[in-house]
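Based on the hints, put chains B and C in the right spot on chain A.
Sequence lines, in order, name chains A, B and C.
Oh and the first sequence: position 203 is 203 in my numbering, straight run, nothing missing.
Oh and the second sequence: position 130 is 130 in my numbering, straight run, nothing missing.
Oh and the third sequence: position 125 is 125 in my numbering, straight run, nothing missing.
Some hints here could point you the wrong way.
[To be verified] List time: in silico SDA-like cross-link candidates among lysine to any residue, alpha-carbon distance up to 20 Å:
| id | chain 1 | residue 1 | chain 2 | residue 2 |
| --- | --- | --- | --- | --- |
| 1 | A | Lys32 | A | Thr164 |
| 2 | B | Lys122 | C | Gly207 |
| 3 | C | Lys375 | B | Leu148 |
| 4 | B | Lys122 | C | Arg199 |
| 5 | B | Lys122 | C | Tyr9 |
| 6 | B | Lys221 | B | Phe24 |
| 7 | B | Lys107 | C | Gly207 |
| 8 | B | Lys17 | B | Tyr53 |
| 9 | B | Lys122 | C | Leu13 |
| 10 | C | Lys6 | B | Gln142 |
| 11 | B | Lys122 | B | Asp140 |
| 12 | C | Lys252 | C | Ala100 |
[To be verified] These stretches of chain C come out as covered by chain B in the derived footprint (C-beta under 8 Å, 3 or more residues):
| id | segment |
| --- | --- |
| 13 | 9-21 |
| 14 | 200-213 |
| 15 | 266-277 |
It is worth saying that the hints were derived from the structure and are not from the lab.
Backbone N, C-alpha and C define an ideal beta-carbon position, used for all residues, glycine too.
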Amino acid sequence: MALETFLQLTLNGLAVGCIYSLVALGFVLIYKATELVNFAQGDLLMLGAFTCYMFVVWYGVGYWPAFLLSVVLIAAFGALLDWLILRRVIGQPQFAVVMLTIGLGAIFRSFASMFWGSEIYTLPTPFSAQQTVVRGISVSHEYVSIIVGTVLLCAILYLFFAYTKLGIAMQAASQNQLAAYYMGIPVKRMFSLIWAISAGVAAVAGVLLAPVSLIDANSLGFIGLKAFAAAVLGGFGSIPGALVGGITIGLIELFSGAYLSPGFNSIAPYAVLLAVLVVRPQGVFGVVGRKRV
Amino acid sequence: MTFFRADAIAIHFGGIKAVDGVSFEVEKGEVFTIIGPNGAGKTTIFNLVSRIYAPTAGRLIFCDEDITAVPPYQIARRGIARTFQNNELFEHASVLQNLLLGRHAHKRSNFLEELLFLPRVKRLELEHREAVEKVIDFLDLQPYRDSLIVNLPYGVRKVVEMARALCTEPKLLLLDEPSSGLNVEETGDMAFWIQDIRDLLGVTVLMVEHDMSLVSAVSDKVLALSYGRPLAIGTPAEVQSHPDVVRAYLGG
Amino acid sequence: MRFLFKTRYEQDLGLFRDDVQRNCYVALLAAMVALPFLMPDFIPDFSLVLIYGLCGLSLMVLAGFTGLVSLGHAAFLGIGAYAHVYFSQTLGLPWIVSVALAAFVSAGAGVLVGLPALRMTGLYLAIATLAFAQIIQEVFNRWEAVTGGLKGEAVERPVIFGYSFHGDGVILGASIAYEDLAFYFLCLAFLIAALWLTRNLLRAPTGRAFVAIRDSEIAAQSMGINLALYKTMAFAYSAALMGVAGALFAHKIGFLAPDIFSILLSIQFLLMVVVGGLGSLHGAVLGAIFVALLPVAIGEVREGLPDWLGHLFAAFGPQASEAVAETVDRFVKQPGLEPGIFGLILVLFILFEPQGLYGRWGKIKLYFSQFPLYKRASFRRQKSYMRSERLR
Numbered sequence: 001m002a003l004e005t006f007l008q009l010t011l012n013g014l015a016v017g018c019i020y021s022l023v024a025l026g027f028v029l030i031y032k033a034t035e036l037v038n039f040a041q042g043d044l045l046m047l048g049a050f051t052c053y054m055f056v057v058w059y060g061v062g063y064w065p066a067f068l069l070s071v072v073l074i075a076a077f078g079a080l081l082d083w084l085i086l087r088r089v090i091g092q093p094q095f096a097v098v099m100l101t102i103g104l105g106a107i108f109r110s111f112a113s114m115f116w117g118s119e120i121y122t123l124p125t126p127f128s129a130q131q132t133v134v135r136g137i138s139v140s141h142e143y144v145s146i147i148v149g150t151v152l153l154c155a156i157l158y159l160f161f162a163y164t165k166l167g168i169a170m171q172a173a174s175q176n177q178l179a180a181y182y183m184g185i186p187v188k189r190m191f192s193l194i195w196a197i198s199a200g201v202a203a204v205a206g207v208l209l210a211p212v213s214l215i216d217a218n219s220l221g222f223i224g225l226k227a228f229a230a231a232v233l234g235g236f237g238s239i240p241g242a243l244v245g246g247i248t249i250g251l252i253e254l255f256s257g258a259y260l261s262p263g264f265n266s267i268a269p270y271a272v273l274l275a276v277l278v279v280r281p282q283g284v285f286g287v288v289g290r291k292r293v
Numbered sequence: 001m002t003f004f005r006a007d008a009i010a011i012h013f014g015g016i017k018a019v020d021g022v023s024f025e026v027e028k029g030e031v032f033t034i035i036g037p038n039g040a041g042k043t044t045i046f047n048l049v050s051r052i053y054a055p056t057a058g059r060l061i062f063c064d065e066d067i068t069a070v071p072p073y074q075i076a077r078r079g080i081a082r083t084f085q086n087n088e089l090f091e092h093a094s095v096l097q098n099l100l101l102g103r104h105a106h107k108r109s110n111f112l113e114e115l116l117f118l119p120r121v122k123r124l125e126l127e128h129r130e131a132v133e134k135v136i137d138f139l140d141l142q143p144y145r146d147s148l149i150v151n152l153p154y155g156v157r158k159v160v161e162m163a164r165a166l167c168t169e170p171k172l173l174l175l176d177e178p179s180s181g182l183n184v185e186e187t188g189d190m191a192f193w194i195q196d197i198r199d200l201l202g203v204t205v206l207m208v209e210h211d212m213s214l215v216s217a218v219s220d221k222v223l224a225l226s227y228g229r230p231l232a233i234g235t236p237a238e239v240q241s242h243p244d245v246v247r248a249y250l251g252g
Numbered sequence: 001m002r003f004l005f006k007t008r009y010e011q012d013l014g015l016f017r018d019d020v021q022r023n024c025y026v027a028l029l030a031a032m033v034a035l036p037f038l039m040p041d042f043i044p045d046f047s048l049v050l051i052y053g054l055c056g057l058s059l060m061v062l063a064g065f066t067g068l069v070s071l072g073h074a075a076f077l078g079i080g081a082y083a084h085v086y087f088s089q090t091l092g093l094p095w096i097v098s099v100a101l102a103a104f105v106s107a108g109a110g111v112l113v114g115l116p117a118l119r120m121t122g123l124y125l126a127i128a129t130l131a132f133a134q135i136i137q138e139v140f141n142r143w144e145a146v147t148g149g150l151k152g153e154a155v156e157r158p159v160i161f162g163y164s165f166h167g168d169g170v171i172l173g174a175s176i177a178y179e180d181l182a183f184y185f186l187c188l189a190f191l192i193a194a195l196w197l198t199r200n201l202l203r204a205p206t207g208r209a210f211v212a213i214r215d216s217e218i219a220a221q222s223m224g225i226n227l228a229l230y231k232t233m234a235f236a237y238s239a240a241l242m243g244v245a246g247a248l249f250a251h252k253i254g255f256l257a258p259d260i261f262s263i264l265l266s267i268q269f270l271l272m273v274v275v276g277g278l279g280s281l282h283g284a285v286l287g288a289i290f291v292a293l294l295p296v297a298i299g300e301v302r303e304g305l306p307d308w309l310g311h312l313f314a315a316f317g318p319q320a321s322e323a324v325a326e327t328v329d330r331f332v333k334q335p336g337l338e339p340g341i342f343g344l345i346l347v348l349f350i351l352f353e354p355q356g357l358y359g360r361w362g363k364i365k366l367y368f369s370q371f372p373l374y375k376r377a378s379f380r381r382q383k384s385y386m387r388s389e390r391l392r
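Chain A on its own, in the form it takes in the complex (with noise of 0.2 Å):
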């Protein structure tokens, strides 16, 4: 194959991977911090993409302050989320978590087609439909400006969590809530920042998507599956591993989109999923946990 379709199809692949990355460190965080798993994810991205939409194109607002209002809004409503109804299931057996989060997605989903309206929407950014020609490939700013966001999304978080003294507290309540309380960390507070920063990445990752993909209420959810398969890929518990399984399963979607048939580019993940399941259900950096009796 040409080179320069080699290259255009890793630059796509990046650009989507690290959507997939983005919303994949969103379910990472949650899970370190809580064991909980956010199958609602994908639906705030997508809430992330229409509240940028609302802002720019209803009201007017400047592409850079919708941006940042429409992540500040989604992070407080992902802290809202957990004051008003996560709280109280912490300690319930995994599958009534699971099940609530569906229940959730499901009324973010039903909630954006009704206030916003069912039709296909595009946000119009400083980036639209801009490319430079480099050596063959068309770079799309769209695409260089999500990878870029992407990683200093990664880099910001990874500070964060390693040498601040809020991330380590976080990182204490994650692995033992009880002694957490004990050492007078406010677990409950740590919890809400959490989703606060997760559902904040999601949006992050909603508006940087929306003009590559067209704003949808159902489609832009299902990300949020595409997303798990990175989480997997990359093993639950693991920052690096986030980033490294959504490029992955990018890259993956892509080149197989060029090479099979229709149909097995859109279940590429999927199988992919399966497989890591089978063979390695930590995924590549994930640690196996036990249970001590």
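Chains B and C alone, transformed into the frame defined by chain A:
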């Protein structure tokens, strides 16, 4: 015939040698106790014997058969049963259902027969029920037969755990800290039950214990462990007066 | 309060606790038989409830009794439906054989999903079933020879032993289509048979093993339960039930298309299990009734609510009344409201009624039998805080 022997078993978790070259032999019909400070590897040995963990080295021999590679679910069928340190009872079932599950190793009906609940299945169920009732009589669990486990006090749960292990009709019974959390009176009951299990039921008992009075009262042989290594082995009196054991565990 | 005095072990083994309970169920059966004659307009809805009952039973066995959460269970329904249509219409096999084969194929798919499940803990299994469901949907889209692809496939009426019902008649003064009536009784027969088989399984060692796997896998293993075998059995049995339900479902909806068996349908099945109450057969049926009748209820509310609220606000004058009626009308007539309502009910039940409708019924019975000594804390659950405690 070798009833039960552990040959230099060892297990390493990463760099930690939880059990490091422990060998001991259990004779048929005796009560063999393993003592030692926390972290010595006592429960890990139990987990190795019931094959929840796979040893990194060494062999386990039961009734002249090498069971080192046997899958965990076949251990019960060979006649080894165990209790767990933190009760692993089936919380949302009744005591009776927990005990009936102990009979699973003796299941003789297949899926299709059970689907249609043929008379044969009914007859086998009644046999299982009778066997379970014998254990209930032995351990005085009649008042708790239909109670859900979640509603039972701790002391009763420990007895139910032991009853469930007995329902499998084991040849070797592994008791993990049978007296932890029990008061003096309940510990006395436990001592009588362990002796009855050895004398009346003919079951060999391998146990882990911290309560020295219980150890002295019922054990025939004692093994002291520390940091995964054996310190001393012998009668309770010998081990309890051994200088290494006193230094590492029992204290002045 | 009645006290049950047991004198024989058989009393614990039987299908019913005592004669009184048996008579209650016989009366229930009589009511179910009489129902289509009393409310003939709703016969198709009742048939759907019965089919959903089978689906709820299937998921209850897997998730409620064995603790294996399947988020993509609608895929098995689709496999059963398409397989049955293929065997009976394309291949022309007799109806009973076709249904049996559909159940078999579905069970095989269940085993396929179950095999990777053996190495996964609950969460990963849930994700795997979701991925599997997506893959199956794609297969439905692409495998045109068998499924007719995206354009879908029409389903003919059931022809059982060469006899197919048709025509109308007048019974008890109401006009009833014979084929609807026959289909209702067919579904009823299948549901009762499935309930009986499952009940047998649950009072036998296999059913106990399922519950053991749910509550403590490690203890189950040390009792001699082969986890791999029993998990696979649970998947196969559950999928087989779904396969049979799929065959009936195909006849009911009359036209198969891949997007019927979507995540939304799987969520409806999960809603059934949660609303009914995990871990009970009654819960499966109660949940099925709830979920099957919910869209009907939503439809009625959609029609009636705007006018009703308008009347309520009539005290504020005709203009206010109109305005209220109009806004509410616009709100409830939106498409996409239904999934939101399902999600909302799911969330509310998890938060406030985790043991479902059957659990609530049990609590009510306990209240009356222990009056006035009933304690609300009787049902408070033990929360587990440490991470290692929650790993199973």
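Verification of the supplied hints:
no., hint, result
1, A/Lys32 / A/Thr164, "17 Å, holds"
2, B/Lys122 / C/Gly207, "14 Å, holds"
3, C/Lys375 / B/Leu148, "17 Å, holds"
4, B/Lys122 / C/Arg199, "13 Å, holds"
5, B/Lys122 / C/Tyr9, "11 Å, holds"
6, B/Lys221 / B/Phe24, "10 Å, holds"
7, B/Lys107 / C/Gly207, "12 Å, holds"
8, B/Lys17 / B/Tyr53, "13 Å, holds"
9, B/Lys122 / C/Leu13, "8 Å, holds"
10, C/Lys6 / B/Gln142, "13 Å, holds"
11, B/Lys122 / B/Asp140, "26 Å, violated"
12, C/Lys252 / C/Ala100, "18 Å, holds"
13, 9-21, "holds (count 4)"
14, 200-213, "holds (count 11)"
15, 266-277, "violated (count 0)"
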